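Position chain B relative to chain A; hints supplied.
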Amino acid sequence: MSTPLSAVELAASGLRAQAVRLRHVSENIANTDTPGYRRKLVSFQQEMDFGRATGAVTTSPTRLDQRELPRIHDPSNPMAGEDGYYSGSNVDLVVEIADAREAGRSYEANLRIFEQARQMGSALLDLIRR
Amino acid sequence: MFDRIDTLRMASSLTAHASARQGLAARNVANADTPGFRAHDLGRFAETYRSAPATELRATRPGHASGISWGGPDRAVDAGGEPAPNGNTVAIEDEMIRAADIRREFDLALTVTRSSLSMIRTSLGRRV
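Chains as they are written, first to last, in this note's numbering: chain A, 1 to 130; chain B, 1001 to 1128.
Hints listed in this document are in silico derivations from the structure and should not be mistaken for laboratory results. Treat the hints loosely; a few may be bogus.
As the list claims (entries may be wrong) - Listing some non-contacts, in silico: residues in chain A with all C-beta distances to chain B over 12 Å:
| # | residue |
| --- | --- |
| 1 | R16 |
| 2 | G36 |
| 3 | K40 |
| 4 | Q46 |
| 5 | P61 |
| 6 | P70 |
| 7 | R71 |
| 8 | N77 |
| 9 | A80 |
| 10 | Y86 |
| 11 | D92 |
| 12 | L93 |
| 13 | E96 |
| 14 | I97 |
| 15 | A103 |
Said to hold, decoys possible - Short, incomplete list of chain A residues facing chain B, as computed with Cβ under 7 Å:
| # | residue |
| --- | --- |
| 16 | A11 |
| 17 | V42 |
| 18 | F44 |
| 19 | G55 |
| 20 | V57 |
| 21 | A109 |
| 22 | I113 |
| 23 | Q116 |
| 24 | A117 |
Everything numeric in this text was worked out from a predicted model, so none of it was measured. C-beta atoms are modelled at their ideal positions from N, C-alpha and C, and glycine is treated no differently.
Same shape as in the complex, but just chain B:
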């Protein structure tokens, strides 16, 4: 019911985006010394989110499944980077920066969710 509220839906998409990115970053760091491994990352949220609603199906009944507004982790792209002699493109420093960025993204999404929820609670007349 609450995911009708666009702010909450966007925040939950951002949470999903951040956690999928976190999974990719964990995979990159775990494979930091695997020969031939290529680092992966997701596209920026602002770009992938905005491009999504155009493909969304129109729901004429509440029972219709609505397309999720964010594509999911299958859109992983090669993060680039200079390959080491063994073909590995993971740079630990870059991954640390990425991890900090993911953390910020995740915290933002969580803060927005939390304040939206407290707004809903306030409107219901409950003490937060």
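Just chain A, with the same shape it has in the complex:
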């Protein structure tokens, strides 16, 4: 049965999932210049309860982006091999910023639904309060 309370829970699951995504984005951005760092990715999936979708959303386990690491020429770098190249990170800042924007937008939408569900629940309680 769907009640305003369960809408609150659904919105909370969305908030949690978007927060995890935002966290990974900030990890990626922080490690843009870390040599050998692979971009972390999470995708979203519906939460399953004994094979039935509950409607809530969860994040999948973290995956690493398997795209090839760029080779950077810098013989003075301590990580550089004999040929003067070292592997950088495969983080693309533009992609990360776009991802952060989208996560922020979805987070805000979830927050509005959360607020509305909460207000609807308390309006219903107001009916019996007087």
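Just chain B now, kept in the frame of chain A:
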């Protein structure tokens, strides 16, 4: 006892309709970035409510369970919308509009319930 009064019953059905829709809207927004998710919504209240009483059973005794006049959340329909490349059909803008519509529906139902209750209180001779 009071749900015999049709106005109150209709208002409580509308409240149930609005809160079920709110649950679906929350599910849609939560899954706004889930690949392959399809947005869902309920049919309009005016259509689902009117179609219901025809299937209602006749109660010959007060103890008989009467069918609820509104079908419940199992009538969720696909809300349509253009799918994104990952197969997701949720548009946040549409969901915000839907949320405002749900809010209006819910407030209407609550206002009707409140004034019906105060009418009953008045008829009982109590000060509201």
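Taking the hints in turn, this is what the structure says about them:
1. R16: Violated, since 9 Å does not exceed 12 Å.
2. G36: holds, 29 Å
3. K40: Nearest chain B Cβ is 16 Å from A:K40, so the label holds.
4. Q46: violated, 6 Å
5. P61: holds, 15 Å
6. P70: Consistent with the label, A:P70 stays out of reach of chain B, its closest Cβ about 26 Å off (over 12 Å).
7. R71: Check passes; 31 Å lies beyond 12 Å.
8. N77: Holds: least Cβ distance 38 Å, greater than 12 Å.
9. A80: holds, 39 Å
10. Y86: holds, 35 Å
11. D92: holds, 18 Å
12. L93: Fine: 20 Å to the nearest Cβ keeps A:L93 off the interface.
13. E96: At roughly 15 Å from the nearest Cβ of chain B, A:E96 sits farther out than 12 Å, so the non-interface label holds.
14. I97: holds, 16 Å
15. A103: violated, 8 Å
16. A11: holds, 5 Å
17. V42: Hint on A:V42: violated, closest Cβ of chain B at ~10 Å, above 7 Å.
18. F44: holds, 4 Å
19. G55: holds, 4 Å
20. V57: OK, holds: A:V57 within 7 Å of chain B, min 5 Å.
21. A109: holds, 5 Å
22. I113: Hint on A:I113: holds, closest Cβ of chain B at ~5 Å, below 7 Å.
23. Q116: holds, 6 Å
24. A117: With a closest approach of 6 Å, the A:A117 hint holds.
Against the hints set out earlier in the document, violations occur for numbers 1, 4, 15 and 17.
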